[in-house]
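**Q** So the sequence lines, in the order shown, correspond to chains A and B.
For the first sequence, my numbering assigns the number 1 to the initial residue and increments by one for each residue that follows.
For the second sequence, my numbering assigns the number 115 to the initial residue and increments by one for each residue that follows.
No lab work stands behind these hints: they were computed from the structure.
A few of these clues could be false.
[As the list claims (entries may be wrong)] Think about it this way: if two alpha-carbon atoms lie no more than 30 Å apart in a straight line, the pair counts; the simulated DSS-like pairs of lysine-lysine are:
| id | chain 1 | residue 1 | chain 2 | residue 2 |
| --- | --- | --- | --- | --- |
| 1 | B | 171 | B | 184 |
| 2 | B | 167 | B | 132 |
| 3 | A | 58 | B | 117 |
| 4 | B | 169 | B | 132 |
| 5 | A | 68 | A | 58 |
| 6 | B | 117 | B | 184 |
| 7 | A | 101 | B | 132 |
| 8 | B | 169 | A | 101 |
| 9 | B | 169 | A | 49 |
| 10 | B | 185 | B | 117 |
| 11 | B | 132 | B | 184 |
| 12 | A | 101 | B | 117 |
| 13 | B | 167 | B | 117 |
| 14 | B | 185 | B | 167 |
| 15 | B | 185 | A | 49 |
| 16 | A | 69 | B | 185 |
| 17 | B | 167 | A | 69 |
| 18 | B | 117 | B | 171 |
| 19 | A | 101 | B | 185 |
| 20 | A | 101 | A | 49 |
| 21 | B | 185 | B | 171 |
| 22 | B | 171 | A | 49 |
| 23 | B | 127 | A | 49 |
| 24 | B | 127 | B | 117 |
| 25 | B | 171 | A | 101 |
Residues per chain, in single letters:
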Amino acid sequence: AQSVTQLGSHVSVSEGALVLLRCNYSSSVPPYLFWYVQYPNQGLQLLLKYTSAATLVKGINGFEAEFKKSETSFHLTKPSAHMSDAAEYFCAVRVKTSYDKVIFGPGTSLSVIP
Amino acid sequence: DVKVTQSSRYLVKRTGEKVFLECVQDMDHENMFWYRQDPGLGLRLIYFSYDVKMKEKGDIPEGYSVSREKKERFSLILESASTNQTSMYLCASSLGQGNNQPQHFGDGTRLSIL
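Build the full structure now, drawing on both the sequences and the hints.
**A** Printed below as a string of structure tokens:
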């Protein structure tokens, strides 16, 4: 069965430091992968998506993610953290079943320390 | 931009009440979804619909039902609310099957059952 794991339920970084949020997936077929962000008391907002066109995907707010098939990973990075990046981040994989089911990871809460 | 609107941001109901959560999308999406989000459990799919009057059970449908009489509207119904249904409920929509399009989320309804 397909699944998504996110290493670290909580990550803290200093303002200006590199942000690295890890995501690994299990899929027997080429996946469609997504990263979403959720700010407090809001719904999920799409950060970026992988569509097999390029392994390095750029998203909004300076985030990017690299698809590595050999490692079944899709880690999210940002070179320099801002206070406004503090939020919950979800990795997700689309599964081709009888419908386009999306499986979400458990989420990683990012704190940014001034 | 896609707009998914959930009728209430916060809702307080009593045990045994019948509760309706409403969701409307304005982009003519075929698919609509209801999730609940709980700390440590991530997003869990309750029900989804891929067409008007069509519905399919997700991973945790017990205690819930749905209605989709019009393409733009998807309602979640708690037949007899219980305290374990206190949660954040998220509605989402997406284009039809076969598209590598992400799900678009509403801002959520935080439901408390007393």
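**Q** Evaluate each hint against the coordinates.
**A** Results for each hint:
no.: 1; hint: 171/B with 184/B; result: holds, 19 Å
no.: 2; hint: 167/B with 132/B; result: holds, 21 Å
no.: 3; hint: 58/A with 117/B; result: holds, 23 Å
no.: 4; hint: 169/B with 132/B; result: holds, 20 Å
no.: 5; hint: 68/A with 58/A; result: holds, 15 Å
no.: 6; hint: 117/B with 184/B; result: holds, 16 Å
no.: 7; hint: 101/A with 132/B; result: holds, 28 Å
no.: 8; hint: 169/B with 101/A; result: holds, 14 Å
no.: 9; hint: 169/B with 49/A; result: holds, 27 Å
no.: 10; hint: 185/B with 117/B; result: holds, 14 Å
no.: 11; hint: 132/B with 184/B; result: holds, 21 Å
no.: 12; hint: 101/A with 117/B; result: holds, 21 Å
no.: 13; hint: 167/B with 117/B; result: holds, 21 Å
no.: 14; hint: 185/B with 167/B; result: holds, 9 Å
no.: 15; hint: 185/B with 49/A; result: holds, 26 Å
no.: 16; hint: 69/A with 185/B; result: violated, 37 Å
no.: 17; hint: 167/B with 69/A; result: violated, 39 Å
no.: 18; hint: 117/B with 171/B; result: holds, 24 Å
no.: 19; hint: 101/A with 185/B; result: holds, 19 Å
no.: 20; hint: 101/A with 49/A; result: holds, 15 Å
no.: 21; hint: 185/B with 171/B; result: holds, 18 Å
no.: 22; hint: 171/B with 49/A; result: holds, 26 Å
no.: 23; hint: 127/B with 49/A; result: violated, 37 Å
no.: 24; hint: 127/B with 117/B; result: holds, 27 Å
no.: 25; hint: 171/B with 101/A; result: holds, 12 Å
The structure fails to meet hints 16, 17, 23 from the earlier list, while all remaining hints are met.
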